[in-house]
Amino acid sequence: MIKNIVYDIGMVLIDFAWAQAMKDLGYSEETIDFLDKNFVNHELWDELDRGVMEESDVINLFCERHPQYEEEIRKFWDNNILTVRPYDYSAPWVKDMKDMGLNTYLLTNYPDTLFDKSVKYAFPFYPYIDGEIVSSRVKIRKPDEGIYKALLEKYNLKAEECLFFDDRIINIEAAKKLGFNAHVFTSYEEARKIIDSYVNKN
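For what it's worth, the numbering used here labels the leading residue of the sequence shown as 1, then goes sequentially.
Keep in mind that the hints were calculated from the coordinates and are not lab data.
Watch out, some of these pointers could steer you wrong.
Derived DSS-like pairs (lysine-lysine); straight-line CA-CA distance at most 25 Å [claimed, not checked]:
id	residue 1	residue 2
1	Lys98	Lys3
2	Lys193	Lys3
3	Lys120	Lys75
4	Lys95	Lys158
5	Lys98	Lys176
6	Lys201	Lys176
7	Lys177	Lys201
8	Lys95	Lys3
9	Lys158	Lys176
Cβ-Cβ distance ranges computed for the label pairs, FRET-style [said to hold, decoys possible]:
id	residue 1	residue 2	range
10	Gly146	Lys23	35 to 41 Å
11	Val119	Arg192	23 to 29 Å
12	Ser187	Gly26	28 to 34 Å
13	Lys117	Ser187	26 to 32 Å
14	Lys193	Leu61	42 to 48 Å
15	Ser56	Lys158	35 to 41 Å
Every residue, glycine too, gets a C-beta built ideally from N, C-alpha and C.
Put together the whole structure using the sequences plus the hints.
Dropping the structure here:
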């Protein structure tokens, strides 16, 4: 029986619109292409989600590696809230789950300070959320099984009563190993069909 809906955030409830944010900040296509490969989609970026290193130290490392782009890197990070763009369906979706009597949780790889800013400025769905596990706060990233266990333990949940949506298959596979009902998020419409199929079994 499904009692809980568990959401990843990026590319499920919000668009991580980093490229558009860079365009809005006036960066050239050449700069955006470089920062794509060497900043936003570089393995060092994962440390911002992991939260073991200070965020400022991670940004300093990026700047030391690419001093020719230091100004752009720091400006982008200072304005990182521009990357967080909620989908139109996100707040109504989470509210609908609450109205159906389901509990709602976030399970996300997310930098600590950006999460605080996002809650304040860019998460219209947050009032309908019952709890969250944020990677940078528990110092564990998906797909490490520890982050899933942290959610279950903190809120006294049973994996088999949770329905989890994430846009990355590696995170879904990790959840399934622990007994979660888990599906790769492809669209809001498809997710609602999946939810209906579970709820109709309840």
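Each hint, compared with the structure:
With a CA separation close to 10 Å, the supplied pair Lys98 and Lys3 stays within the 25 Å bound. With a C-alpha separation of about 16 Å, the suggested pair Lys193 and Lys3 falls inside the 25 Å cut-off, and the hint holds. The straight-line distance between the Cα atoms of Lys120 and Lys75 is roughly 20 Å, inside the 25 Å bound, and the hint therefore holds. The hinted pair formed by Lys95 and Lys158 meets the criterion: a straight-line CA distance of about 22 Å does not exceed 25 Å.
For a cut-off of 25 Å, the pair hint linking Lys98 to Lys176 stands: about 24 Å separates their Cα positions. For a cut-off of 25 Å, the pair hint linking Lys201 to Lys176 stands: about 19 Å separates their Cα positions. At roughly 22 Å between alpha-carbon atoms, Lys177 and Lys201 fall within 25 Å of each other, so this suggested pair holds. With a C-alpha separation of about 15 Å, the suggested pair Lys95 and Lys3 falls inside the 25 Å cut-off, and the hint holds.
A hinted pair counts as satisfied when its Cα atoms are at most 25 Å apart, and Lys158 with Lys176 qualifies at roughly 13 Å. For Gly146 paired with Lys23, a C-beta distance near 37 Å keeps the hint of 35 to 41 Å intact. Against the hinted window of 23 to 29 Å, the Cβ-Cβ separation of Val119 and Arg192 comes to about 25 Å, which satisfies the hint. Checked against the given bound of 28 to 34 Å, the beta carbons of Ser187 and Gly26, roughly 32 Å apart, stay inside it.
Between Lys117 and Ser187 the Cβ separation comes to about 27 Å, which falls inside the hinted range of 26 to 32 Å. The hint said 42 to 48 Å for the Cβ distance between Lys193 and Leu61, and at roughly 44 Å that hint holds. With their beta carbons about 39 Å apart, Ser56 and Lys158 fall inside the hinted range of 35 to 41 Å.
Checked against the numbered hints above, the structure violates none of them.
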